[in-house]
Every structure is written in C-alpha cells, then in structure tokens.
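Going line by line, the protein sequences match chains Y and W. Counting from 1, one number per residue, gives the positions in the first sequence under the numbering used here. Counting from 1001, one number per residue, gives the positions in the second sequence under the numbering used here.
Simulated from the structure, these hints should not be mistaken for laboratory data. These numbers were taken from a predicted model, which means no experiment stands behind them. Check each hint, because a few of them may be wrong.
Once the Cα atoms are required to be at most 25 Å apart in a straight line, the calculated SDA-like pairs of lysine to any residue come out as [unchecked claim]:
#1 W:Lys1105 x Y:Arg84
#2 Y:Lys173 x W:Ile1043
#3 W:Lys1105 x W:Ile1043
#4 W:Lys1105 x Y:Leu14
#5 W:Lys1105 x Y:Gly88
#6 Y:Lys173 x Y:Phe70
#7 Y:Lys173 x Y:Arg84
#8 Y:Lys173 x W:Ala1081
#9 Y:Lys173 x W:Phe1098
#10 Y:Lys173 x W:Lys1105
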Amino acid sequence: MATLLFWPVAALALAGAAGAALARNLVYAALSLGACLIGVAGLYLFLQAEYVAVIQMIVYVGGILILILFGVMFSRDVLGVSSRPTWGGRVLAAATGAVALACTVRLAVLVPGLRGTGLAEIRSSVDSWTGQISTSSPFHLGTLLLDGWLVPFLVLGVLLTVVLVAALGLVRKDAA
Amino acid sequence: MIDVFLSGPDRLLPYLLVAAALFSLGVVSVASRRNAVGYLMGIELMLNAANLDFVAYGRFRGPEPAAEAQVAALFVIALAAAEAAVALALVYAVFRNFRDVDLDKIRTLNGD
C-alpha cells in the first residue's frame, strides 16, 4: 500500500517543482510550488517525520506560499511576456541545471564509496531498514530542542526578531 | 535499478533522487528567471531539497539521528520563513523605487 502511494506523491513533488521552475505565468508557477511543497510534506510522512510534515504544511504552504503570491502582485509582467529569459540565460540555466543534476545523482548513487565519512555505513546497514522510529514524537523533539540545540534555538529567536524589525524598516513609508 | 522502483518508501535512494531533481530545478529557476519573485521560488525549491536529504539520511540511520535530523529540518524551515519575509520586503522596496521587479532592469544603487 505504502509502495503504491509513494511514487504518486514523489511525482506530485517533481511535477510541482517542474512547474515552479519552468511555467511562464508566475501565478501558475507559485501554485505549482504549492503542489511541490505538499508533495514534499507527503514524503516526510513516508519518512515517519509527521511533525515536520505538519510544520511544512503550516509554515510553507500556509505562510511562505501566501507571501510569494503576494509578491507576484508586484510584478508588472505576471504573464512573463516581456521578461522571457534571454537565449543565453536559457542555455546557462540548462547547463547549470544539468551539472547540478549530474553531481547530485552521482553523489546519491556513489555514497557507499565514501569511506570514513559515516555515510557509507548508512547505506550499507539500512538500505532496506523498515523499523519504527518511536523517538520522533513532538515531545522528544521539544526535549531535544531545549537540550542539545538550546543555543541555536535562542539564536534563531533573536534572528527572527531582527528579521521582523528589519522587514518593517524596509517597508516604512519614509524609507528612501 | 528496477527493485528501487518496486521497493519505494523503504529505501534511501528514491528520496535522494527526488531531492536531486528538486535541487536541479531550483538551480534552473535561479539561473533563468528575470523576475525577483521567480528567483525566490527557486531558492525555496533548493532549501526543500536539502531538507528532504536531511530527514531521509536521519531516518535511515536510526532513531536518535532521525530526531536530530528533524530538528535540523525545523531550523531550516524557520530560516526559510525569515528569508522569505526579508526578500518580500526587499521586493516591495525595489518595486516602490523602480516600479518593476525585473532583475535585469535594476541597475542603479541609489535609485535615481
């Protein structure tokens, strides 16, 4: 059952990403990005990361996607008629994308060869590991956050405050 | 290769391949979009790909690394939200000064 559902969810993520990267109309691109984010949330469910999946839906789909749709309204050229990529830009994009794809796929397939990095053991020991993860409940994540990750957590809080104030400062009426 | 497609969610490789494709599409988007908001969407795609790799590697390593990886993913999501807020504020400021958000037309530093 899970196997039957997995590839449609992965296909949703991939098709959404393709639409977000290639659609000419920016509104369609933003909505495709939403489909991609929902697909990635589904993949988190397959990885038994239910809490991350919920946060992905709330923060990404509910927050960032709305911000992006809001930003699309500032574009004078939503249909992308006058801001088509130049041919040089298209060739550059295709080349860099192909190089990135080749590097990441090669790395994914070759990980067992990376002796001494710790990644080799992952691939060799758990290539078909199907056990349940009992420690990834929100309670456990919260304990971890306030224990080993306390300093990054506090720094993140400060950063979010600074970001809010900076964003307000940028959009002030009397800002240059 | 066929058994990877038949086994689906219980193997590491499918997640890595999906994340690789997401990252590459993000790179394509960043390299080809001339609109600032489209550029931002490419960055979000790349962040999602990295997050998926984090959670997948942790999940297949064992219970403790799985929880650590999920905490890291939550940090990345929070940073992405902060980044989107600042980027949209910048887009708004640029739009007010230039009446456009085409990255190829924004060439001056002081707005005059």
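Status of each hint after checking the structure:
| no. | hint | verdict |
| --- | --- | --- |
| 1 | W:Lys1105 x Y:Arg84 | holds, 13 Å |
| 2 | Y:Lys173 x W:Ile1043 | violated, 28 Å |
| 3 | W:Lys1105 x W:Ile1043 | holds, 21 Å |
| 4 | W:Lys1105 x Y:Leu14 | violated, 31 Å |
| 5 | W:Lys1105 x Y:Gly88 | holds, 17 Å |
| 6 | Y:Lys173 x Y:Phe70 | holds, 19 Å |
| 7 | Y:Lys173 x Y:Arg84 | violated, 32 Å |
| 8 | Y:Lys173 x W:Ala1081 | holds, 24 Å |
| 9 | Y:Lys173 x W:Phe1098 | holds, 15 Å |
| 10 | Y:Lys173 x W:Lys1105 | holds, 23 Å |
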